[in-house]
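Chemist: The primary structure of each chain is shown beneath.
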Amino acid sequence: MRNKGVVGLGAALAALGLAACSSSTPEPSGPASGPAGEPVTIEWWHIQTQEPTRGVWQELADEFEATHENVTIEITVQNDPEFKTGIDARAQAGDMPDLFQTWGGGVLAQQVDAGLVQDLSDSTSSWIGNIAPGAVAGLQIDGAQYGIPYDSGLVGVWYNKALFADAGITDTPTTWDEFMADVNALRAAGITPMAVGAGDKWPAMFYWAEGALATGGKDPFISAAADGNFTTDAFISSGERINELVAANAFQEGFLGTAYAEAGGASSLVANGQAAMELMGSWAPGTQASVAENGTGLGDDLGWFPYPMDTSSGESVGFGGINGFAVGKDAPPETVEFLEFLLTPESQSKIGAAGLLLPVANGAEDSIENPLQRQIRDALVELDYLQVFLDQAYPPAVGAAINDNVQAIFAGTLTPEQAAQAVTDVAQAQ
Amino acid sequence: MTTVQSAPLPPKSAGAYAKDHSPRSNGRRTAMLIVVLLSPAIALYALFVFAPLVQAARFSLFKWNGLGPLEDFVGLENYANVWADPFFHTALLNNLAVIAVSLAIQLPFALWIATLLTGSFRGRAILRVAFFLPYILAEVVAAVLWSFMLSPNGLINEALRSVGLDTVAHPWLADPNTVMYAILWVVTWKYFGFYTILFMTALQNVPQEHLEAARIDGASRAQVFWYVTLPAIGPTVRISAFLAIIGSLQLFDLVWVMTEGGPVGASSTMVTYMVSKGLRTYQFGFASATAVTVAMMSFLFAVVYQRWVLARDNQVDVKEGKRTHVAH
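Protein chains in written order, with the numbering used here: chain A, 1 to 430; chain B, 1 to 328.
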């Protein structure tokens, strides 16, 4: 019968489908630990997609593998937003990579609360003393060490000395009024004063944070972490400073849609001499070099000065970030050994020589070739307080609200008060 | 794409089916056959479509940051927050704008191009490929291309400046007032080729006798088009409208790569809203509520549209309750 054959075929297909489904379930990936001598795999997720740092990490991994024959290190490199998406997926599965990028703050706190991160307080106590204390403190959650920093930097103003000379500016500004005067002088000379990647939102957030830090010191940030109130005077006046800059036509055309690091982004405008300044972190020279038309960037024409702070309070505060590595809960003990190896002065010197990151281990600072970056690092170790990037310091929802609402201040769609209130609403709903 | 046949259905008891089985066991056998053949498809559908939807609906009732267990039950609060958020309203309006442009501009334009391409002339094959090319391009690639072309110093602005139209040159993607127009332009460019191909096939199946009869009767070209061609390609038009609307509701890739829904949410769609307000902020309950909302909208629209608009194209017209020929 026709029907019988078809029924048989259908049953066979169904059986095949079920068999295929069951055989394709992935092998459960348990902790890859074992006594020394047994093969061990360390899964490492980092975000340094750019050379030469990428090559340095690979070189260090190879060195460690050579001295530890049973260890294999699998590296996954992703850029910042891809990494954040990827790590979220792993966190939800409860299966973190053995060694992964962290910036501390609210996101790390969430991961710690979910029981995904190894407490390193004991396993690193013998060697952590050699690392800059401010950076180490930044990766503690509730007094316990959950990450080890490998780089820390300050945000400041990177500027083009030649363009400043063209506009007749002889000294770098130390107060806000001098800064605005310089902006106006550059615009009058037909030069775009500043480039900002407001399309990516976080470069815009830098302006809001620096402005608040300059007028209010560290207190507004610390109290906002406790009560979620961002409507303090310091934040409002920072928003007004942004309005002042926009009104003075300080930024490049289409700044609301410009990215930071892509071709045609804010960094490339500075690197190619089309804009005079950018408020950016200590990785800026490396990023500029990677997007510059001449392949190296501004060279000797590049200068750095700190964002003008109101120094009347006597506080020495800065805004910047800490890059570190955290260890997954189920990671093998060799992972912490590898971490120790990465933080030796020799390894850190290689990182410093690569020119993108600033090493935090004592003894590695002489590897920093760029005198500007050395200048930054020396300033960093003198600070009383380092405010970490706002989209890392606070819970992710608050960080995203800050980024969104500061972009709105730049766009003029929200007043500084409205923006601060919007952020406060989100922060207090946490 | 198959065209709709206008052949009549076979008469009921011609002998092909009523061989030597009693009606009851024949029915049971048929039922078993149906179940067995459908089970793989149903299993896949349940696993990859139904289960995630149910799971999303479950997540949407909690306040959850994606890590750790589901503990914080908040009922429908996430849905209330979504509908109260002015950014969601902007996203919804943007989606409606995409639908409107698709129906009012993209489809008629595609139809016009299709009518031009049905005549035979030299180079027709090349033109067909050329019009279809944007559709073949991966969405991300197209978005990256256009974001370069629309940048302040990109191809479009440079072209405008080179012909002296300096004042028209504009940071299209950076200005909240113009960004949505840029997105609409790219969406139209990307997908009109697909509808052109659909319409071309449909136009080829318009019965020539009807066209000739109309012309012999003295109808003008416009009248021929309006009264003969358009009804003949009706099913294709209705399906195209359906696909256009569903696609517009789900628009994500193009917008995300070009602007991430910005600046300040001016070009956001409901799905980009979900990603930037829900996933990026680790508010998975909120994101799930948005996802379920979009899914429900699409589902509701699909059901209503199928019932009221596409029904006349079915072989069994449910409304009339009788077998019909396909409408001419």
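Careful: at least some of the hints might be erroneous.
[To be verified] A few chain B residues facing chain A, derived, Cβ under 10 Å: (1) 148; (2) 153; (3) 154; (4) 175; (5) 213; (6) 214; (7) 218; (8) 220; (9) 227; (10) 228; (11) 263; (12) 279.
[Stated by the list, open to error] Chain B stretches covered by chain A per the calculated footprint, using a threshold of three residues with CB under 8 Å from any CB of chain A: (13) 189–197; (14) 280–292.
[Claimed, not checked] In silico SDA-like cross-links for lysine to any residue, where the CA-CA straight-line distance does not exceed 25 Å: (15) 63/B to 142/A; (16) 63/B to 32/B; (17) 329/A to 89/B; (18) 63/B to 422/A; (19) 84/A to 185/B; (20) 84/A to 72/B.
These are computed hints drawn from the structure, not numbers from a lab.
Virtual Cβ for every residue (Gly too), placed ideally from N, Cα, C.
Chemist: Are the hints correct? Go through all of them and say.
Modeler: Evaluated hints:
no. : hint          : verdict
1   : 148           : 7 Å, holds
2   : 153           : 7 Å, holds
3   : 154           : 8 Å, holds
4   : 175           : 7 Å, holds
5   : 213           : 43 Å, violated
6   : 214           : 46 Å, violated
7   : 218           : 54 Å, violated
8   : 220           : 49 Å, violated
9   : 227           : 46 Å, violated
10  : 228           : 43 Å, violated
11  : 263           : 4 Å, holds
12  : 279           : 8 Å, holds
13  : 189–197       : violated (count 0)
14  : 280–292       : holds (count 4)
15  : 63/B to 142/A : 24 Å, holds
16  : 63/B to 32/B  : 44 Å, violated
17  : 329/A to 89/B : 42 Å, violated
18  : 63/B to 422/A : 20 Å, holds
19  : 84/A to 185/B : 31 Å, violated
20  : 84/A to 72/B  : 24 Å, holds
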